[in-house]
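Quick mapping for you: the protein sequence lines, in order, are chains A and B. For the first sequence, the residue numbers in this note's numbering are 15 to 221. For the second sequence, the residue numbers in this note's numbering are 15 to 221.
Because the hints were derived from the structure by calculation, they are not lab data. This structure is a prediction, so every number in the text was calculated from the model and none was measured. Hints are not guaranteed to be accurate.
It does not matter which identical chain is used: a pair holds within one copy or between any two.
Pairs of lysine-lysine, PhoX-like flavour, derived with a Cα cap of 25 angstroms [claimed, not checked]: (1) K70 / K96; (2) K156 / K195; (3) K200 / K156; (4) K54 / K156.
The lines below spell out each chain.
2 protein chains.
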Amino acid sequence: MERKRRSATGEQSRRAILNAALDCFSRLGWAATTIEDIRKVSGASVGSVYHHFGAKEGIAVALYIDCLRLHQESLRGRLERKHDAEAFVRTIVTHHIAWSREHPEAARYLLRMRREEAVAAAEQEIQSATGDFIREGFSRLKTYAQSGELLPLPPSVYLPLMLGPAQELLSAWANGHVELKAGIEKVLADAAWRCLRPETAPSRKVP
Amino acid sequence: MERKRRSATGEQSRRAILNAALDCFSRLGWAATTIEDIRKVSGASVGSVYHHFGAKEGIAVALYIDCLRLHQESLRGRLERKHDAEAFVRTIVTHHIAWSREHPEAARYLLRMRREEAVAAAEQEIQSATGDFIREGFSRLKTYAQSGELLPLPPSVYLPLMLGPAQELLSAWANGHVELKAGIEKVLADAAWRCLRPETAPSRKVP
DNA sequence: TCTGGCTCTAGAATCAGATTCTAGTCATGG
DNA sequence: CCATGACTAGAATCTGATTCTAGAGCCAGA
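Produce the entire structure from the sequences given, and follow the hints as far as they go.
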């Protein structure tokens with residue numbers, strides 16, 4: 015899809031605009047930042063902004079995908095090593111929170127924009143940019159479920175059960191209502207596993 | 015705070031505007047509906063809209079509070095009768111989903127606007143309009159936790175654990191990704207209780 | 001080397017739509 | 001009956017997103 019970019023300078027200014035955008039959106043909010051703001055911070059011209067992104071929403075979407083990629087890149091590495099269901103679930107939950115703590119601006123942006131119309135409208139594009147990874151993870155969940163390593167449940171609830179609480183806690187954090195105390199990721203990982211582990215197994219593993 | 019409204023007609027037109035707004039927002043999205051759209055559907059004039067709500071965001075916030083009240087009104091009744099922790103948790107989760115199914119437009123609106131800046135900015139106002147109810151519920155959770163009817167956990171995670179999965183599933187539903195199958199509320203209520211019940215107690219109560 | 005075509009940058013001009021303003025109308029309390 | 005404040009109207013203004021026109025820099029092929 016992406017055609018080859020001829021000049022490196024074009025790519026540079028694209029990045030400058032994205033960086034400026036994250037800065038402005040974090041500081042002022044998406045609706046309140048104007049193209050003029052981004053122009054000033056990035057040093058680009060209006061024409062340049064529109065050349066690269068087409069519209070204000072285009073910036074939001076590109077930035078969203080950019081942050082999502084960072085997030086996934088960092089998760090991918092950790093997941094490849096994990097093989098049993100418990101480790102899989104715990105790793106995903108833990109990583110989600112730890113990553114957010116390490117990249118607060120990007121995380122806040124992702125959390126805030128997730129349901130924003132500007133971004134929701136471009137679902138198609140976002141999926142095609144990141145969908146494989148999620149699809150893959152999802153099918154892994156189903157495999158675990160079928161082999162009895164996870165509680166059998168309607169497929170649509172696995173993701174909500176695994177990440178819903180983390181998402182909710184992180185939202186509260188993103189809006190400044192709570193802090194992310196050290197160790198909170200373990201609390202949520204425990205909870206997620208309590209939710210998803212097969213009924214018969216007690217808390218300790220049976221040797 | 016609310017000063018007495020002199021005329022019933024004023025109140026009527028206020029309602030007409032809110033109804034029109036819910037209709038337009040659902041149909042076109044919040045950002046895409048213009049004051050002109052709302053004016054046409056409601057039959058009010060621009061001046062009238064601004065007299066009642068001050069700004070476009072004012073409409074969004076008033077509507078948000080309106081829907082939240084509906085939701086809470088309906089929950090309040092059911093909660094008053096419940097006394098043990100398990101029933102409390104299950105009722106809240108179940109109600110959340112059942113109510114959304116019964117009031118899809120209002121539910122979608124609440125889900126979509128929850129993190130929208132327009133609404134987030136007015137947190138203050140929203141809290142003062144609905145805060146008692148939530149505060150009360152929250153303190154009830156803490157009481158249960160202290161008396162050992164719930165797993166002891168950091169206070170900030172109770173709400174996420176209880177409602178996070180439901181919220182996440184409902185978001186997927188609001189965006190048309192999944193359906194709300196009959197009985198799904200039981201699945202989530204079970205899961206919430208699995209997460210929150212004290213470790214030692216098995217599913218059945220020990221008499 | 002020259003030319004066409006493409007990416008990219010500039011910034012002025014346009015346009016849509018939110019908000020403000022002025023001028024009333026109407027009901028009520030005094 | 002008058003003054004007042006809630007309320008309605010709709011024209012005028014203003015802000016900021018988007019579009020448009022022009023031009024610079026660069027590469028490929030003639």
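Task: Enumerated hints in conflict with the structure, sorted upward - done: 1, 4
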